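Visitor: Please model the entire structure based on the sequences and the hints provided.
Those sequence lines, one after another, are chains A and B.
With my numbering as the guide, the letters of the first sequence map in order to residues 1 to 58.
With my numbering as the guide, the letters of the second sequence map in order to residues 1 to 986.
Treat the hints loosely; a few may be bogus.
Claimed, not checked - Okay, the calculated bits of chain A under chain B, using three or more residues with CB under 8 Å as the criterion:
no. : stretch
1   : 7-17
2   : 33-43
As the list claims (entries may be wrong) - Restraint-style ranges between C-beta atoms, simulated for each label pair:
no. : chain 1 : residue 1 : chain 2 : residue 2 : range
3   : B       : Glu611    : A       : Trp48     : 34 to 44 Å
4   : A       : Trp48     : B       : Ser635    : 25 to 35 Å
5   : B       : Arg405    : A       : Leu15     : 30 to 40 Å
6   : B       : Tyr431    : A       : Tyr18     : 16 to 26 Å
7   : A       : Tyr36     : B       : Arg405    : 31 to 41 Å
8   : A       : Tyr36     : B       : Glu233    : 17 to 27 Å
9   : A       : Tyr18     : B       : Ala570    : 53 to 63 Å
10  : B       : Arg34     : A       : Trp48     : 24 to 34 Å
11  : A       : Leu11     : B       : Ala630    : 41 to 51 Å
12  : B       : Arg34     : A       : Tyr18     : 40 to 50 Å
13  : B       : Asp326    : A       : Tyr36     : 30 to 40 Å
14  : B       : Ala630    : A       : Trp48     : 19 to 29 Å
15  : A       : Arg51     : B       : Tyr431    : 22 to 32 Å
Honestly, the hints are just simulated from the structure, not real lab data.
These numbers were taken from a predicted model, which means no experiment stands behind them.
We put the beta carbon where it would ideally sit given N, CA and C, even for glycine.
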Amino acid sequence: MYINRMLVLALLLTLICYPVLKDWLSNEYSAWYRYYFLWSCVILITWWSNRSRHTDEL
Amino acid sequence: MSFSAAQVLLLVALFLAGLFAVATLADRGLISRRISHHPATYILSLGIFAGGMASNGVIELAHRYGYNFFVYYAGFSLLFVFSGLLLLPLLRLSRVYQLASLADLLTFRFRSARVGAAVTVAMAIALMPMLALQIQALGDSIQILSNGTLANGNGGVTHRSAALATCLVMTVFAMLFGARNISAQERNAGLVTAMAFASLVKLAAMLGLGLIAVFAVFGGLPEMQQWLENSAEAQALLVQHLPVENAHAFLLLFFAGGLCMPHVFHMLFAENTESRDLRGASWSVPLYLMLLSLPVLPLAWAGLRLELGDSGRLEYAGLLLGQYLDSPLASILAFLATLAAASAATVVATLALANMCVNHLILPSRLLNLSQDSDIYRHLRWLRRALIAVLIIGGYFSYLGLDGRQNLMGLAYLAFSGTLHFIPGLIATPYWPAANRSGFLAGLWSGLAVWFVAVLLPVTSGYTPELAQLLSAILPGSGNNAWAFASMLALSVNVTVFIVVSLLAPTSEEERVAAEVCSMDDLNRPVRQLLPMDNAGEFVDLLRPALGERTAQAEVQRALDELQFTGDEARPYALRRLRRRIEANLSGLLGPAVAHNIIERCIPIQASGNEDITMIERFLDTQVQFTGLAADLDSLRRRYRETLDTLPVGLCSMGADGEMLMWNRCMVDITGVTAADVLGSRVETLVEPWRKLLTEFRASESDTLLRAEINTGENNQRWVSLHKSLTAEGDTMLLVEDITDFERMEEELLHNERLASIGRLSAGVAHEIGNPVTAIACLAQNLEYAEDCEEIGTTAQDILRQTARVSRIVDSLVNFSHAGSQSENLELKPCNLADCVDEAIHLLSLDREAPPVQYENRCDREVVVLADSQLLLQVFVNLLGNARDACNSEGLVQVRSYESGERVLIDVEDNGHGIPTALQSQVFEPFFTTKDPGAGTGLGLALVYSIMDDLGGSVHLTSPLQTGPNPGTRFTLELGSASYGEVFAV
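Guide: So this is what it looks like as structure tokens:
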């Protein structure tokens with residue numbers, strides 16, 4: 001079974017950056033739609049990373 | 001604005017009727033398969049994760065923790081964003097081994113029925129708060145929608161009885177559509193489409209509510225933004241900080257809970273078999289959740305601005321907004337969102353839990369005697385339906401028992417923190433082969449015990465045991481924060497015990513094999529097992545005692561169809577695959593524990609051999625991607641495989657038990673038997689003559705057989721040489737070299753040598769005989785005219801006739817001896833083939849004493865060959881003369897030509913008596929003839945052969961051409977084609 005190393009790396013980065021990211025997002029001067037902006041970026045990156053994959057890697 | 005009981009029940013009935021209609025139409029194919037099986041439908045059906053918590057509880061979460069409400073969506077979204085790490089490996093296992101639930105998966109991984117039972121019981125306990133949450137969301141919504149009138153039993157109806165009625169309708173729906181397909185292999189199109197429909201309704205209703213909040217409460221987006229900037233209270237609400245530990249705990253809860261929840265697991269794996277759909281879900285489920293979350297903040301702000309929180313709980317901000325604005329549309333949208341969310345989650349959760357109960361509690365305890373049941377499928381279906389009803393009613397009583405002491409967020413927290421305890425086992429399945437069942441069970445029960453004491457009891461009953469009091473004194477935080485710590489403590493206990501016990505307790509061999517199968521870096525190497533049957537048909541007899549005649553037949557046939565095998569399949573490899581497939585199919589039907597037990601009992605393995613190379617190769621060839629060292633090794637393996645496959649000699653290997661393990665392309669060319677037909681079968685089942693040849697050579701003591709003659713059909717004689725060696729594992733490697741061309745060339749060389757010798761001899765004999773014969777002829781001629789005696793004259797004429805005959809023979813010998821010697825000086829020119837044949841026919845027609853046969857020259861008039869016209873004429877005169885002599889008075893001799901690339905093939909065919917097969921190898925030998933003594937010299941065909949060789953062509957014989965009294969003969973000449981040049985080109 002194929003282990004996607006980029007995914008593992010991304011997961012580690014997410015965990016490491018989570019507190020910093022959270023502070024950046026939840027400070028009182030940030031716009032409420034920052035979360036949605038970030039969320040949209042994650043969706044786009046996920047779509048991009050899956051678009052060229054083989055249809056069945058099982 | 002309030003609704004009456006009849007109106008509320010009408011709303012419920014309308015929505016659930018919609019669900020029924022969609023499910024029925026999809027099941028009956030009236031909704032196009034393109035829609036019901038579209039990836040978007042599957043993706044939308046995953047929206048069942050967003051139950052009552054998403055439609056209501058999350059607004060309270062936003063109100064209490066501001067931006068932190070995103071963790072609810074983020075946890076589940078991350079599960080999909082990182083689907084390659086956990087979801088795809090689990091989907092692979094679920095698909096291959098037909099595992100439809102978490103209990104199935106963990107039972108398969110730890111090879112223990114006790115694991116399945118433990119998971120089912122624990123899941124039932126953890127799921128009750130989840131079911132209570134859905135029903136409470138419905139009950140409270142009905143109460144608010146009716147403006148409290150139903151709560152007082154107005155007209156004999158209370159909001160609880162309305163909720164019960166809703167539960168009953170949901171039960172009927174789940175029983176009708178959920179338990180329809182009892183095999184995990186079949187996608188339940190009706191259920192999936194209905195759940196996708198519910199998700200769409202939920203999304204549309206939530207977005208509609210968001211728009212009402214923005215435009216009806218604030219007057220538009222800019223106004224809302226302006227209010228937000230001016231409202232200190234709203235600003236403060238947004239940035240309410242959740243301690244980072246709690247944020248992590250919530251994230252983990254919704255990440256793990258999302259995966260472990262039975263309804264999510266069911267939709268993810270049991271109703272989906274395509275990794276393509278899951279890849280689509282990796283970005284589209286987060287997108288769906290993002291859209292669903294859009295109205296949450298506007299609704300929370302609307303509640304804050306209109307102070308809706310004062311008049312009721314903010315979880316139901318949508319309904320309260322409808323009442324405040326006196327807007328039936330807003331109220332109906334809010335209720336529909338709750339109804340769609342709660343009903344979908346309840347139906348699938350109870351359905352999945354019912355399957356787990358049947359497979360892991362009822363069937364293993366042998367409450368149902370499978371072998372005596374005439375229709376197992378029907379019994380299982382009704383059993384599941386009954387359990388669905390029991391579970392929904394159980395959820396309703398949990399709701400009554402909790403009596404509204406907890407809000408939706410609290411109930412969700414309880415359920416998610418309970419299901420969190422399955423995550424260590426789930427992660428260990430693909431990632432930790434050393435984990436074992438003792439560790440898993442010890443960890444699960446330890447963690448659940450802490451959860452029960454520190455979380456469940458205090459939250460549900462208000463009773464806090466001394467141990468929990470001690471824990472709350474030690475642990476930091478209070479309220480929900482304390483729950484988070486208690487949950488993390490329970491999980492820590494679970495993980496620690498799991499690891500320690502797994503490392504200390506022994507792991508059975510069976511468990512070790514299952515661990516390797518489940519592992520991401522699957523090192524499992526299947527072995528060739530000997531099964532107690534000779535063909536696939538015997539599986540039914542073996543399974544009959546356990547499953548009954550009808551079910552055994554149905555399951556064996558299903559497996560045969562899936563593998564595209566027939567009932568008389570006898571290859572050991574195919575039988576092993578069939579056994580695995582039947583076990584997988586039974587696993588989808590009865591659960592892995594019962595299926596494994598039945599297969600082990602009914603179809604025991606008699607003996608195990610070496611590694612199953614065919615299965616391993618097949619598995620490796622289907623792998624699309626390897627990385628690192630594995631990729632390098634696989635590349636090397638493919639290269640060596642290709643080298644062996646393209647060897648110019650035949651290579652086959654067989655195990656010690658005679659099973660064929662390798663059959664390269666050259667073997668296919670030599671034998672005409674494909675690798676697919678041979679691999680995995682025994683050498684004894686090969687077709688003749690290969691079976692006899694390979695079996696005898698394998699058994700012989702000699703390692704080499706230099707020359708073996710084989711007949712693979714009429715007129716198809718071949719020669720092969722064989723070599724063999726034994727590997728350390730006892731496998732036999734056989735090299736088979738086709739030496740037919742070599743043998744034929746050697747035979748031809750010998751023939752040519754014989755011809756040359758005879759030619760030389762003929763020249764000498766002709767020379768020595770020619771002169772005396774000429775002298776005798778002269779003397780006889782003189783004698784004829786010198787003597788008047790009639791008797792002497794007659795004798796002299798006889799002598800002259802005989803000397804003339806001897807002269808003809810001598811001339812033939814001279815021609816024959818000269819034929820080979822002319823090759824170097826021959827000047828080949830373009831000759832018109834048809835003209836040459838015409839001339840030969842004309843010459844033969846002059847012989848009035850010959851039998852009257854019909855000649856047909858069908859040669860293409862345009863065909864020109866490269867030859868010497870006189871020699872070619874001699875060839876045709878010989879062949880046509882022989883053909884004429886072989887025919888009777890109705891004989892027909894045909895000459896045809898056809899071009900093949902740069903060569904011209906000429907058939908000289910007759911319908912005469914033919915040439916016996918035994919004599920065919922001698923017809924080109926000099927002095928060989930089948931004619932009567934004196935009728936032929938036996939040099940004609942030898943001369944033809946020799947001339948054709950000189951012309952750079954060849955001659956072949958085919959006989960008989962047909963059955964019957966006149967089988968006929970065909971001589972095929974092959975010559976190079978030519979042209980007269982461009983000047984003559986038409």
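Visitor: Are the hints correct? Go through all of them and say.
Guide: Right, here's what the structure says about each hint:
1. 7-17: holds (count 5)
2. 33-43: It holds, with 6 qualifying residues against the three required.
3. Glu611(B) - Trp48(A): 34 to 44 Å: holds (41 Å)
4. Trp48(A) - Ser635(B): 25 to 35 Å: Given range 25 to 35 Å: holds, Cβ gap about 28 Å.
5. Arg405(B) - Leu15(A): 30 to 40 Å: holds (35 Å)
6. Tyr431(B) - Tyr18(A): 16 to 26 Å: holds (22 Å)
7. Tyr36(A) - Arg405(B): 31 to 41 Å: holds (35 Å)
8. Tyr36(A) - Glu233(B): 17 to 27 Å: holds (22 Å)
9. Tyr18(A) - Ala570(B): 53 to 63 Å: Once the Cβ atoms are compared, 59 Å apart, the range 53 to 63 Å for Ala570(B) and Tyr18(A) holds.
10. Arg34(B) - Trp48(A): 24 to 34 Å: Given a distance of about 27 Å, which is inside 24 to 34 Å, the answer is holds.
11. Leu11(A) - Ala630(B): 41 to 51 Å: violated (21 Å)
12. Arg34(B) - Tyr18(A): 40 to 50 Å: holds (41 Å)
13. Asp326(B) - Tyr36(A): 30 to 40 Å: Since the Cβ atoms of Asp326(B) and Tyr36(A) sit about 31 Å apart, the hinted range of 30 to 40 Å holds.
14. Ala630(B) - Trp48(A): 19 to 29 Å: holds (26 Å)
15. Arg51(A) - Tyr431(B): 22 to 32 Å: For Arg51(A) and Tyr431(B) the Cβ distance comes to about 27 Å; the hint holds.
Comparing the model with each earlier hint shows a violation of hint 11 alone; every other hint is respected.
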